[in-house]
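Visitor: Below, each chain spelled out in residue letters.
Protein chains: 4
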Amino acid sequence: MRKLRYGMVGGGRDAFIGVVHRKAMALDGGYELVAGALSSNPEKAKLSGEDLGLSPNRNYGSWQQMLESELALPIDQRIDVVSIVTPNHVHFPVAKAFAEAGFHVVCDKPLVHTSSEAEELIRIVEKTGAVFAVTYNYTGYPMVKHARHMVRSGQLGDIRKIIVEYNQGWLATKLEESGQKQADWRTDPARSGAAGCIGDIGSHAENLVATVTGLELDSICADLTTFVEGRQLDDDGNLLMRFVGGAKGVMIASQIQIGGENDIRLRVFGTKGGIEWHQENPNYIVHNSLDAPRQILTRGSDYLCAAAKKATRIPAGHPEAFLEAFANVYIGAAEAIHAKLEQRVLTELEGDYPTVIDGARGIKFIETTVKSAASSQKWTAF
Amino acid sequence: MRKLRYGMVGGGRDAFIGVVHRKAMALDGGYELVAGALSSNPEKAKLSGEDLGLSPNRNYGSWQQMLESELALPIDQRIDVVSIVTPNHVHFPVAKAFAEAGFHVVCDKPLVHTSSEAEELIRIVEKTGAVFAVTYNYTGYPMVKHARHMVRSGQLGDIRKIIVEYNQGWLATKLEESGQKQADWRTDPARSGAAGCIGDIGSHAENLVATVTGLELDSICADLTTFVEGRQLDDDGNLLMRFVGGAKGVMIASQIQIGGENDIRLRVFGTKGGIEWHQENPNYIVHNSLDAPRQILTRGSDYLCAAAKKATRIPAGHPEAFLEAFANVYIGAAEAIHAKLEQRVLTELEGDYPTVIDGARGIKFIETTVKSAASSQKWTAF
Amino acid sequence: MRKLRYGMVGGGRDAFIGVVHRKAMALDGGYELVAGALSSNPEKAKLSGEDLGLSPNRNYGSWQQMLESELALPIDQRIDVVSIVTPNHVHFPVAKAFAEAGFHVVCDKPLVHTSSEAEELIRIVEKTGAVFAVTYNYTGYPMVKHARHMVRSGQLGDIRKIIVEYNQGWLATKLEESGQKQADWRTDPARSGAAGCIGDIGSHAENLVATVTGLELDSICADLTTFVEGRQLDDDGNLLMRFVGGAKGVMIASQIQIGGENDIRLRVFGTKGGIEWHQENPNYIVHNSLDAPRQILTRGSDYLCAAAKKATRIPAGHPEAFLEAFANVYIGAAEAIHAKLEQRVLTELEGDYPTVIDGARGIKFIETTVKSAASSQKWTAF
Amino acid sequence: MRKLRYGMVGGGRDAFIGVVHRKAMALDGGYELVAGALSSNPEKAKLSGEDLGLSPNRNYGSWQQMLESELALPIDQRIDVVSIVTPNHVHFPVAKAFAEAGFHVVCDKPLVHTSSEAEELIRIVEKTGAVFAVTYNYTGYPMVKHARHMVRSGQLGDIRKIIVEYNQGWLATKLEESGQKQADWRTDPARSGAAGCIGDIGSHAENLVATVTGLELDSICADLTTFVEGRQLDDDGNLLMRFVGGAKGVMIASQIQIGGENDIRLRVFGTKGGIEWHQENPNYIVHNSLDAPRQILTRGSDYLCAAAKKATRIPAGHPEAFLEAFANVYIGAAEAIHAKLEQRVLTELEGDYPTVIDGARGIKFIETTVKSAASSQKWTAF
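Protein chains in written order, with our numbering: chain A, 1 to 382; chain B, 1001 to 1382; chain C, 2001 to 2382; chain D, 3001 to 3382.
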């Protein structure tokens, strides 16, 4: 299977997430970087491309240039897929333009700023048939895939309750004043969107819940807070959730809980059992059942589901972590792209990645949460 | 210091919590059992008293008899204190009668069924000067006392956020139908009160938060659920909380989260740091600070506060647990009773126990939560 | 069942372990303190006895006096049992004298200084029929009893390997120079015996292994070290062990591993599975099997063995700890004493406590270890 | 910096470690695979090379062919480095031949079968100046680098004691009979070498200790066991160790401890503190000091040493794991190779990887351990 040719938008010098995407793509040898518009600043874009060894004629000063020039290339040289790793406000124009031009797209989350933008992307993708992945990377973990399997196959019985947390503390002080780039744009509504903490990490938590349980949100009751004085967006959010069918939920997301590093965790309880998973030690699931001893399931074990096994590279006890999970999203997208190229349908275990539909639902989640936070009514419909 | 003479109401054969109280009182040698009305069933009461070696003339068939007979004894033989360990609905009449008669009282939680009952008890105690302890036992843990010290002395800065959980799974099925006595009365509104899960364990969580932080609740937004069909009271509750001064909170309490044994935990975050404590491994506090490595504080260490040290019997690494914490409540009450007997004021570290005031606030918490759960408004004032 | 009358030798003001014994005896109401010779210093003995409310005529200045006076009392007033909680060198004369006089004995560990002393105690006990318990308290934990059950009932298959650790750091500096009483006598060969670390805590580790596995030591290969300059006894010891039948073992015991509080742990591996238990969080066993997920067994659960359940006072999740385990040794001894008093045999679950035989084997372990440490041969026969 | 061209020997279809090496090299973009002799079976070698997209003319049927053909290429097309990932017995001839021909070498561990082979490799490397890395991958973890820094910079004081464990259970049954390839050759002395467990994983443990502490072994006392009947090599080993300067050590290594996955852990204790690190959750160090609370150090934190920071790709809380650590060894080797190509010396933080010297010491460790196991003397000099 040939390597997919990708172009990257964003991810230049000083960026955080671009390098993660590149390493994730490099890990399994499925992609090669052939083009880039690595910064909104043309000069920085070029320097960044040089760092990465881009050939000068495909080291672009802007994504518009990249789009135009790539389209001018013969189809067997042209990029297959664009990877969009810019601050949030740039996602929409880039994704729209490349998708409309028929390229496959991998875009960071949250997808866009508004549901109407998200729906527009869905319409485009439906028309062009492009693969469109959104890097909700936490669902790439093998043990998350197994959690999904446990829930979906009824091992926990009917789902009653979901507790999801995303505990961080890095914005407990006004870090954005220090010039730290990540803090700067993530706390700026113009670049980050309508929500801060809930947009940046609450959206990951929403996706984790939806992926594992398949439950649909019915309504949300949110309390969002900006604890750090002078900050414009929320840096903490607590939600009660109701799901269609009667399950209840709690989401705790925060950027001011000192000591929280990147502590996304999930608990799901049903009529027959409960499970727990922690991202910071991600190779395990704690499984509790009625009247049986607690179990610790470990990545790499024979008793795991096929999707978890497929997402595993090395044996139990040799921990896999963040980058490997991220890479699993890209593997799923690559499978889907190859299937398109080969004009065939995906096999059962192929193409396991979050799509533009997940991305759109995430935007609706952010919007509903912000709306609920402003409401004196307890429940805001999803 | 002489042993305090106590009489017990409730706690006969098949009871759960009575034996805990008796062991807690026995542990440190401060109390001796001299009288009892150990069941509402006179025959069972007598048999239970025989089991415990009560002398026949003080092995009473009812608490009314016990009250009358003890009052008839000379003051230096009479019980000093009554320990009330009955199902909830019996707390009020017994506590009222003994307190009015001038006895000191230790009563299990939740204190009574209504705030007006609680206020009546406060008025009586104010008049008689009796010691009135409520056995919110989790605040007896040394590391909870140190958590209180850390918050109150400003080590965490201004408090921003509190997360309290009480995770249980024992009522995930309809256990009350099996004849299990604990499940039977705890799910019965007539005996348990207006709330199930929130009354039984949510009230402990509320007390833990209030004790450690000293913050006053401003308003509550509650979602209570009865997951097990046919059950009359809530078996799950999730709350958003707002505190006077701006701190936010989340409470998760459940009796249907399979795998939860008696998992009460607390996290408190301020502008300078955060702490975490778990009851199931209670000898530790996790302490996070801005820009310093995470610390694990251990019971028995030199660096702990005086109250934590006083509440500690044995060195670090020799774990102390539930019964010892329970006994610490009784030690605090005993100190207060002795001070009354000696007509002196308590020294600084003496008398560290939850009082009728804490008990009353707990009832108000239950009432407000139930009211909020029935409301379509987001916030119900506390 | 009447309370047993006990007299205590040692355990006066400033002692550590005496108060543990008294609380352990108080917890379950099976014993009452009626006599004491609480210090080798007669004046201190008397003051200590006053603290504890001993009646003046049974508050003795020496154990010899106590023995003589108690023997002079009518048998129904006389102490039933003596509890010996002195520094090690006093164990033998006191135990011998009381045992010969027909009293039941509970003695702290290590039992005595030499195997010949230990054998003499065995002979006496065989003659008088007295109950003689040695407070190897860690075997009192319910989950240790269940570990024993798992091994003895074949759940782990044939035992291949045992790893036992007792990690402490409190003697990492020359604490004995500070006047700290515990450090003072424990590092003094005249009072502590031929070994330091191995005598004080290695002996606990030996007993834990023997209790859980029932395996007999075949030979030992020891490396003992005195890391703190000027100290006379070992403060660290590492052992390879061979057991009759082919199992292998490792013991790590130390008083200089900074950060070790009272970290005694056990791992046992057989042909079918392995288990792990940690004293500092003692309510759990980790159980691994061939081809099945890891299990966490929790104290208080229905699936545990009868002996573990009998040793449990309160439900799962309400942690029990050091004092409760200690008290379980005293419960076992009390059952044996009552059976003697009633001239009946013990029922199957009664009398579960370490005896003088365990104590003697512990001394042989210390002697063999010290001998091995001095030898250039790899293996020293046990 | 251009990508290094590498050729791989071994690592074809069904191999375990070859794919790990390839992913580790791919992750950071420093290497590209251009040639291979991927199996000792020429046909399988070719098929494996096709899987990996090798060009037919550099997809070799044997390493001898590869050596000859690569040497015939112009220097700017020729491979820079050979990566040897065969079973152990093939390491020596391949490494020798390529090193003698002036290629840089990365070789899996244990390096070779005998110390004389190891010394021969050292002599060759000294002559040619080639870079020769041995993939003791566990020392690539950032927190292992920080542990090394803590010890070497004196934060723990003088080192007294080291406990290293490598707990596995995968060979608890006679897996080699099932045809499992890894079990097959690892239990065969002809292919694995003189030791089984000690060679395969004990050698990793030795390297971890040497890397972190810099201490030299003085003597070893080993007890090796073959628990599984009919197996030819040890599957369990326990060692007492003495280090030059007086520190003591214990090594526990096993392939029959059921439940052990890949549980390599290290504890180091000095006069001022102690540390603990576990490979299965590798982003943390537990640090204990005299009289200060226990600390948990986390990867990605500002307070870590420069080498740990350099070895870190993503922020704290986004766990990095096995592959990333493996890749760090390859980064260090690449830096050294580039420095050679550029004829410059390494900067202070460059070139941090285990060398042929480490590999040779590992072989001496295996030989000494096997010798000690056969000896009735306690100590065998290293």
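Read the hints as simulated data drawn from the structure, not as lab findings. Warning: the hint list may mix true and false statements.
Only some residues are given here: those of chain C computed to face chain D with a beta carbon under 8 Å [said to hold, decoys possible]:
| no. | residue |
| --- | --- |
| 1 | Ser2153 |
| 2 | Gln2155 |
| 3 | Ser2219 |
| 4 | Lys2378 |
Just the calculated beta-carbon pair ranges, DEER-fashion [stated by the list, open to error]:
| no. | chain 1 | residue 1 | chain 2 | residue 2 | range |
| --- | --- | --- | --- | --- | --- |
| 5 | C | Lys2181 | B | Glu1050 | 42 to 48 Å |
| 6 | B | Glu1050 | C | Asn2281 | 35 to 41 Å |
| 7 | C | Ser2376 | D | Lys3096 | 38 to 44 Å |
Just so it is clear, CB atoms sit at the ideal spot from N, CA and C, and this is done for glycine as well.
Visitor: Work down the list of hints and note, for each, if the structure agrees.
Guide: Structure-based check of each hint:
Evaluation of the Ser2153/C hint against chain D yields a violated restraint, the C-beta minimum of about 17 Å exceeding 8 Å. Annotation: Gln2155/C was flagged as interfacial toward chain D, and the flag is violated, the nearest CB pair being 12 Å apart, outside 8 Å. For Ser2219/C, the shortest C-beta to C-beta distance to chain D is roughly 10 Å, which exceeds 8 Å, and the interface hint is violated. At a threshold of 8 Å, the smallest CB-CB gap from Lys2378/C to chain D is about 5 Å, leaving the interface hint in force.
Our hint of 42 to 48 Å for Lys2181/C and Glu1050/B holds, since their Cβ atoms are close to 44 Å apart. Between Glu1050/B and Asn2281/C the beta carbon distance is about 39 Å. The supplied range of 35 to 41 Å therefore holds. Between Ser2376/C and Lys3096/D the Cβ separation comes to about 40 Å, which falls inside the hinted range of 38 to 44 Å.
Against the hints set out earlier in the document, violations occur for numbers 1, 2, 3.
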